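Listed here are the chains, written in short residue letters.
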Amino acid sequence: KQEVTQIPAALSVPEGENLVLNCSFTDSAIYNLQWFRQDPGKGLTSLLLIQSSQREQTSGRLNASLDKSSGRSTLYIAASQPGDSATYLCAVRLSGNTPLVFGKGTRLSVIA
Amino acid sequence: GAVVSQHPSRVICKSGTSVKIECRSLDFQATTMFWYRQFPKQSLMLMATSNEGSKATYEQGVEKDKFLINHASLTLSTLTVTSAHPEDSSFYICSARRPAKANNEQFFGPGTRLTVL
Numbered sequence: 122k123q124e125v126t127q128i129p130a131a132l133s134v135p136e137g138e139n140l141v142l143n144c145s146f147t148d149s150a151i152y153n154l155q156w157f158r159q160d161p162g163k164g165l166t167s168l169l170l171i172q173s174s175q176r177e178q179t180s181g182r183l184n185a186s187l188d189k190s191s192g193r194s195t196l197y198i199a200a201s202q203p204g205d206s207a208t209y210l211c212a213v214r215l216s217g218n219t220p221l222v223f224g225k226g227t228r229l230s231v232i233a
Numbered sequence: 023g024a025v026v027s028q029h030p031s032r033v034i035c036k037s038g039t040s041v042k043i044e045c046r047s048l049d050f051q052a053t054t055m056f057w058y059r060q061f062p063k064q065s066l067m068l069m070a071t072s073n074e075g076s077k078a079t080y081e082q083g084v085e086k087d088k089f090l091i092n093h094a095s096l097t098l099s100t101l102t103v104t105s106a107h108p109e110d111s112s113f114y115i116c117s118a119r120r121p122a123k124a125n126n127e128q129f130f131g132p133g134t135r136l137t138v139l
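Just so you know, the sequences run in chain order A and B. If you read the first sequence in our numbering, its first letter stands for residue 122, the second for the next number, and so on. If you read the second sequence in our numbering, its first letter stands for residue 23, the second for the next number, and so on.
Chain A with its partners taken away, still in its complex shape (with noise of 0.2 Å):
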């Protein structure tokens, strides 16, 4: 069964600051994987989507790498800005069929 993990859990930096969040994933036979932003009591926004041959994705600021042989993803944050502040969620996919399987989430907190 697929497990997918985040770490850290939660985190706080100062605004401008450069950021990496960490994901894993024990099957490395994904489809894709998925980063997501979810701010408090609200639904998911996507922010990146990266298929099994790609390497990474970039938006704007953002930029998630994938290494499917290790089974790990990282989104980036380029200087950091409060509004940047949510849950940033990771999940994958098995196959085309199968429903994406989530992380537990990293918290992130970015202070003015």
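Just so you know, these hints were derived from the structure itself, not from any lab. Source: prediction; values computed, not measured. For glycine and all other residues, C-beta sits at the position ideal for the given N, C-alpha and C. Check each hint, because a few of them may be wrong.
What the hints assert, rightly or not - Here are the computed distance ranges between Cβ atoms for each label pair:
#: 1; chain 1: A; residue 1: G204; chain 2: B; residue 2: L48; range: 26 to 36 Å
#: 2; chain 1: B; residue 1: P108; chain 2: A; residue 2: S173; range: 23 to 33 Å
#: 3; chain 1: B; residue 1: P62; chain 2: A; residue 2: K122; range: 17 to 27 Å
#: 4; chain 1: A; residue 1: D148; chain 2: B; residue 2: G83; range: 15 to 25 Å
#: 5; chain 1: A; residue 1: S149; chain 2: B; residue 2: Q82; range: 22 to 32 Å
#: 6; chain 1: A; residue 1: A150; chain 2: B; residue 2: S76; range: 22 to 32 Å
#: 7; chain 1: B; residue 1: L48; chain 2: A; residue 2: Q202; range: 30 to 40 Å
#: 8; chain 1: A; residue 1: S216; chain 2: B; residue 2: T102; range: 23 to 33 Å
#: 9; chain 1: A; residue 1: A233; chain 2: B; residue 2: P62; range: 22 to 32 Å
Stated by the list, open to error - Calculated pairs, DSS-like style, for lysine-lysine (alpha carbon to alpha carbon, straight line, at most 27 Å):
#: 10; chain 1: A; residue 1: K163; chain 2: B; residue 2: K88
#: 11; chain 1: B; residue 1: K77; chain 2: B; residue 2: K42
#: 12; chain 1: A; residue 1: K122; chain 2: A; residue 2: K225
#: 13; chain 1: A; residue 1: K122; chain 2: B; residue 2: K36
#: 14; chain 1: A; residue 1: K225; chain 2: B; residue 2: K86
#: 15; chain 1: B; residue 1: K63; chain 2: B; residue 2: K86
#: 16; chain 1: B; residue 1: K36; chain 2: A; residue 2: K163
#: 17; chain 1: B; residue 1: K63; chain 2: A; residue 2: K122
#: 18; chain 1: B; residue 1: K42; chain 2: B; residue 2: K88
#: 19; chain 1: A; residue 1: K225; chain 2: B; residue 2: K63
#: 20; chain 1: B; residue 1: K63; chain 2: B; residue 2: K88
#: 21; chain 1: B; residue 1: K77; chain 2: B; residue 2: K63
#: 22; chain 1: A; residue 1: K122; chain 2: B; residue 2: K88
#: 23; chain 1: A; residue 1: K163; chain 2: B; residue 2: K42
#: 24; chain 1: B; residue 1: K77; chain 2: A; residue 2: K122
#: 25; chain 1: A; residue 1: K122; chain 2: A; residue 2: K189
#: 26; chain 1: B; residue 1: K88; chain 2: A; residue 2: K225
#: 27; chain 1: B; residue 1: K63; chain 2: A; residue 2: K163
#: 28; chain 1: B; residue 1: K36; chain 2: B; residue 2: K88
#: 29; chain 1: B; residue 1: K63; chain 2: B; residue 2: K36
Dock chain B against chain A, hints included.
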């Protein structure tokens, strides 16, 4: 991206009543929809997979008679929490899979906050 809606966004009910939550894919046909549950400060846990025109597949530990899922059309799936109890209070999120296009990406609804008194 594709749009998935959920209704209601928030519901408060008395213990013992049943609550129906609707999930709609607004601009695409979804043969498969997923229902997740999220307890406070926890991650999303898959409850069941809903396939249009057939019975839902439930994850281990999820009572199919308590959480009734109906996927009667390609754009609508419903989750009914029967005889709700306070421990069913949670955030319920549906997701629709868009086949073929967008690499079968899952699109998520905004969630429904259920509070059972």
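Cross-check of the supplied hints:
no.: 1; hint: G204(A) - L48(B): 26 to 36 Å; in the structure: 27 Å, holds
no.: 2; hint: P108(B) - S173(A): 23 to 33 Å; in the structure: 42 Å, violated
no.: 3; hint: P62(B) - K122(A): 17 to 27 Å; in the structure: 24 Å, holds
no.: 4; hint: D148(A) - G83(B): 15 to 25 Å; in the structure: 20 Å, holds
no.: 5; hint: S149(A) - Q82(B): 22 to 32 Å; in the structure: 23 Å, holds
no.: 6; hint: A150(A) - S76(B): 22 to 32 Å; in the structure: 27 Å, holds
no.: 7; hint: L48(B) - Q202(A): 30 to 40 Å; in the structure: 31 Å, holds
no.: 8; hint: S216(A) - T102(B): 23 to 33 Å; in the structure: 29 Å, holds
no.: 9; hint: A233(A) - P62(B): 22 to 32 Å; in the structure: 26 Å, holds
no.: 10; hint: K163(A) - K88(B); in the structure: 25 Å, holds
no.: 11; hint: K77(B) - K42(B); in the structure: 17 Å, holds
no.: 12; hint: K122(A) - K225(A); in the structure: 16 Å, holds
no.: 13; hint: K122(A) - K36(B); in the structure: 36 Å, violated
no.: 14; hint: K225(A) - K86(B); in the structure: 25 Å, holds
no.: 15; hint: K63(B) - K86(B); in the structure: 25 Å, holds
no.: 16; hint: K36(B) - K163(A); in the structure: 23 Å, holds
no.: 17; hint: K63(B) - K122(A); in the structure: 22 Å, holds
no.: 18; hint: K42(B) - K88(B); in the structure: 12 Å, holds
no.: 19; hint: K225(A) - K63(B); in the structure: 8 Å, holds
no.: 20; hint: K63(B) - K88(B); in the structure: 24 Å, holds
no.: 21; hint: K77(B) - K63(B); in the structure: 31 Å, violated
no.: 22; hint: K122(A) - K88(B); in the structure: 25 Å, holds
no.: 23; hint: K163(A) - K42(B); in the structure: 19 Å, holds
no.: 24; hint: K77(B) - K122(A); in the structure: 23 Å, holds
no.: 25; hint: K122(A) - K189(A); in the structure: 17 Å, holds
no.: 26; hint: K88(B) - K225(A); in the structure: 25 Å, holds
no.: 27; hint: K63(B) - K163(A); in the structure: 12 Å, holds
no.: 28; hint: K36(B) - K88(B); in the structure: 16 Å, holds
no.: 29; hint: K63(B) - K36(B); in the structure: 24 Å, holds
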